[in-house]
Structure formats: structure tokens, C-alpha cells
Amino acid sequence: MALASSVAPAQEAEPIKIGFATALSGWLAAYDQEPHQAAILKIEEINKAGGLLGRKIEYQVTDTKTDLTLTANVAASLIDWGANMLVVPPDFDYGAPAAFMAQNANLIAISTGASDPKMGVQGVGSNVFSAHSAGQAAGIVMAEYAHDKMNAKTAFMLEDVSLEAHKSSCAGFVAGWENKGGELVGRDSFRMEDTSIAAQITRIKGLASEPDIIFLCSGLPQGASAVRQVRAAGIDTPILAEAGMSGDYWLGGVPNLKDFYVPTLMSISDDPRPEVNKFIEAYKARWGALPTTEFSILGYCTIEQWAAAVEQAQSVETEVVLAVMNQFEDQPTTCGPTSYSDQIHIQVSRPQLIARVENGSFRSVEIFRNQFVPDLKLLLRSSN
Amino acid sequence: MTHFIQVLIDAVAIGSLYALVALAIGLVFGVMRLINFAQGDYITIGAYSLVVPSAAATPALMFGALPWPAMILCVILTVVVLALVTERLAFRPLRNSDLTSLLISSFAVSYFLQSLILMVHGGRPKTVSIGDALSRAVEIFGVRLPGVQLLTMVVALTLLIVLVLFLKKTPIGIQLRAAAEDFQMARLLGVPANRVIAIAFAISGILGGTISLLVIIQTGTLDIRMGLMPTIFAFFATVIGGMGSLPGAVVGGYIMGILSVLLQAYLPAELRPFRDAGVFSIVILILLVRPQGIFAKTAKERV
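So the protein sequences, as listed, match chains L and P.
Using the working numbering, the final residue of the first sequence is 386, and nothing's skipped along the way.
Using the working numbering, the final residue of the second sequence is 548, and nothing's skipped along the way.
Calculated directly from the structure, the hints in this document are not laboratory data.
Errors might be hidden in some of the hints.
Claimed, not checked - Covered by chain P, per the in silico footprint, the following chain L stretches (three or more residues, Cβ under 8 Å):
1) 205-215
2) 254-266
Said to hold, decoys possible - With a straight-line Cα cutoff of 25 Å, these simulated DMTMM-like cross-link-like pairs (lysine to aspartate or glutamate) come out:
3) L/LYS207 x P/ASP521
4) L/LYS207 x P/ASP343
5) L/LYS151 x L/ASP272
6) L/LYS67 x L/GLU195
7) L/LYS151 x L/GLU195
8) L/LYS379 x L/GLU185
9) L/LYS19 x L/ASP65
10) L/LYS260 x P/ASP427
11) L/LYS182 x L/ASP238
12) L/LYS182 x L/ASP261
13) L/LYS151 x L/GLU319
14) L/LYS379 x P/GLU515
15) L/LYS207 x P/GLU515
16) L/LYS182 x P/ASP521
17) L/LYS155 x L/ASP190
18) L/LYS207 x P/ASP377
19) L/LYS286 x L/ASP272
20) L/LYS379 x L/ASP65
21) L/LYS260 x P/ASP521
22) L/LYS155 x P/GLU384
C-beta: ideal position from N, C-alpha, C; glycine also.
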């Protein structure tokens, strides 16, 4: 042993360690597994290319089992193992326990896909980031897209109030829509458990004139159920939704769906960006199948952005890497330009891919970037 | 006026659904004094039987691929068998123990079934489209009647009539009512307990399978929690209707449906997210006025 360590300089021999507190089982696994696999892909690519700062990246993954208490324990054991940073689950509620542990151990934690800005300075701590866009940004993007590209003047908003993430998208939509001078002719809410939204549909039907668009902030499966019921009632108004409704797998539930738009991270079948297609090919080669959700790419960018910061900082020390990440301004990543500040640790104006349903699947329309940028007040919805 | 009629139709349609679930819960409660919380999971499993069990995000159709009479039969049969198996394995052995054990057992069955679906089908919600012809609406005098609402109302009414005839006219139906009235006395008079209870569960299975299909035609989505809310609403429906009273359960179901739709329709926008708080406040008020429920003759020790 003594001989071996004297041969190679200690700095080179010592690997960089990334700890994954990942939901590999339980309901969150459906959203955490693929970003995790994409992250491993990126680590392997870095290692193949000679490592980070000339050091190999080693990783350890532990299943959080979608259990809040276990998530904190998992993070603690990864910290004990000597992790230099933690990748935590893509959800504020289920990611925060692990992120808190990292914060307290003075490590950087990046959630692959939390869309709640609380996964950051104000909610958990200054070392915590989300690789995803804020829910508000999805609403703003769709408001501006409807106004600029679809020439829409009036909108009805259907808000799923069962999750904060959806309420954030709707808050973003209202702000973005008002900023563009659009008219909100009505709004209604529903909950995840509602078997029927007949009363809400009656309200849309009862409007003096049909709105130009309907904005729907909801996720799956309840969003699919809402769309099915809206279309079954003979309402053919274009529907703009949030990122939670992207992915082809639910479209079978609403046959012949048309005029339905989402802002999304990437398209698995026809993304206009070559770097994204390169990622998808590499993912398929590594894992034997195409990714099923577009959230997968966030895992790849999580490692990509941290590695870029480490490269620039020439160190894995938290303070130095953190200083670099806080300065990121349109830092190129496979997910698109990435920016952070010392206050905002989530994306607020990253260009999003607008996708539209055609013949039973989402097709890319164009990349669209919002001009209106949400402030902290809107991000934390502190006025509500 | 047209708007009000529209709201009323929305209300009656969802009320019909709650009434069916309430009837299933009420029937089992009647013969066994068991509030079967697994009823919601019967609905869920019936719905999931439409697709091939797999973790795939877009699963192939199983019963959903059959011609509709066979599909209805298979889904209902699945739920009936499930209801009978849970009765035999989880409830019958506990029949003589105290009522709390039965209730806990029904929670255990419920969690077990949910975990089973999670294991077999994976955690991601799925969609399935059946009865697309029914997912269109017809307009009559400006009032919109979606096919599935119409179907729900017709099916609920038909099942209610069939069930009433069954309970009033057939020997086994009469035994069932006798058992619901006074289980010990009925047994002393020679009513076979096992059979009567099994039949109550089988009927709750038939109702469960029917509800699965009605919900799926409407929502097109499969989710492990899909049966939960209708069951909770139905449970309250049986309470306000009067525990153990079947007409009470049905009326309770309609009251719950009508309350939730009226509040959704007429509350101001800021209060609408708290609609269910309103629904359950009114339920509490009803119970304060009539603690035994609307239809129970007297407050017996059964609650």
C-alpha cells in the first residue's frame, strides 16, 4: 500500500466522489431513475475523456425508497462515505431532506428536477441548486408563446390546486399573461382526486365568448383526465399546459388530441438540437433503450454543470465551486444555457422546447425563450 | 336557467357514481358491520385489469382489447373474484373478533392491494382509452349531455332497480336484508351466514367493476389512488344516509355529488380550492341535526 501511493501523486490517485441519494423504488422512482442513469452516463463520459481535473469520478448510489426519513439517512451515509457533492431527488419534498444534510455538511447538492424555487437558497440553503426550470417559468413561456406566436388575446385558466408545483406554473402564467397585456376571461380550479370536472367545464362553456386559449397547470394523471373531459365536452380551444404534461405515454388516453402544447426539455424523437440528439443516442447505447421521459436529460446536465464549475474553479472545494456556479450566466449545457445567481438557484429564463401534439405524439415546434423574468417574490409566491 | 340545469345534470351524474360506491359499502356494512375501505382498491384493480400487467409506460390492452360485452364481463368478474378472495382470506377469519380488527384488516387489504399494483404496474400513472364513442356530448335545448354522464345515470338507475328487485323478490335477497337488519337473529332462523356475506361481497364486486369502467370512460387514466376519493365520498354518503340503510346510502351519494358540484359552480374563485372543506362542513351540519343519518329509523348501537 505504502509503495503504491508513493508511485502516483496522491492528488491524481484520489478519485472525486459523487453521492446519489436516488429514489430507485417507490412512486418517485418513475421520475428519478432515468435522470440518475443519464448522470451516470455523463460521469462515464468524463472518466473516459481522462476524468475531472485529471482525477477519476467515483460514485455511489443509495436508494431513498421514496421515503422522507430514509432520504435523510441515505444522504448522511453518502456524506460519511466522503462524497464531494450530492445529487438529490427531483422533487422539493422528497429531495429537501437529502439537500439539508448536504447543506449542513457544507457540500453542494443539486436536485435533478425540482421545479420549486425553494430547492435553493431560500428554501434549503445556499449550497443547494435545481438543474430544472422553475414552475413559474413554464407558465411565463406559455403565456408569451400564446401571445407572440399564436396571436392569442383571451385566456381561460384551469388550475390544479393539489400540488404547489402546478400552482406555481399558474402564478407564472398570470404574471406573464398580464405582462403581455392578455385578458384572463375566467379561471377555475380542480384537485387531483376529482373524478369529474363537469362543473369546471360548464363554467368554460358558459363564457360569453370562447377564449383564444386555455392554460392548464396540472400534471399526470389528473391533467390527462381533465383534457379528456374538456375535449369530450366539445371544447376544441387550443390548450397550453406546463412541463408536467409532456411525454407521449399518456396521449393514448385522449385519442385524436389536437392543439395541445407543452413547454418541455427535449424531444426524444425529433429534437432540433444536435447536442440533445447526441445525448439521446449515447443514453440508448449505454442503457439499451431510449429514455422515456424528457426529464432524463436533467441528470446529464446536473453532472455537466457541476463538472464545468469544478473545471473552472480547478477545485472540488464547496466555496470555490459555489462561487463559480453563482456566476453562471448562460453557461452552455446540453439542456441549454444555464444561469444562477447568489439568490436564484433554479432556471428562470432558459429557452424551452415548445412541443405540440400531432397524430398521437408530441412533435417539436420551436425553441422559445421568455423575456419576462420572474422575480424572487413571484418565485416564492410570497404575495399569496 | 339553462346554466342551472347544466349544473344540476353535472351534479346528478357525479352523484350517481357516489351512490353506486355508497351502495357497495352500505351493503357490506349491513351484513358484516365492516366499513370496507378496500372498496376503493377494488375499483382501482378493476380499472387496471384493462391493461396487461407490466411496468411499461404505454401498456398493451388486456381486457380493454376485448369486444365490449366480454370486456365488461371480464372486468366485473375480476373484481367479484377479488372481493370474494379478500372476504375469505382477510375478513371471514376475523368475523367473530371485534369490529375494530375488521376495520384495521380492511386498511391492511387496501394497502396490500395498492402495493401489489405498484409492484406489478410500476408507479407511473397510465392512460387507457375505452368507450370513446361515449366521450362525446349531445346537446339538447342548449344543455350539454356528455355520453358518459348519461351512461352513469342510466347504469346507476338500472343497477338500483335490479338491486331493489333482487333484495325484495328473491329468497336470497330477503335473507340478505334480514341479515342486514339483525345478523344474529337471521342466523338463528337458519340464514347461512357464509353465503349471505359472500353474496354481499360479490355484489360489492359487481358494483366495483361497474364503477371502474364508468370512471375510466370518463377520465381515461389509471392511478393507484383513483378509487380513494370516490370511496371517501361514498363513506360519508353512507354515514349521512344512515349506516346500514341502503336507500340512505344512495340518497347520501346523491347529496355528496350535488353538494360538491354546487359548491364548485357557485363559490367565488378564491374559495373554490377549498370546496371539499365546504362539502364536509355541510356533512357535519347534517350529522349534528340527524346524528343517526337521514334514513336510519332510530340511533341503534350499530354506529
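Please flag the earlier hints that this structure goes against, numbers listed from lowest up. Violated hints: 4, 7, 10, 13, 16, 20, 21, 22; rest satisfied.
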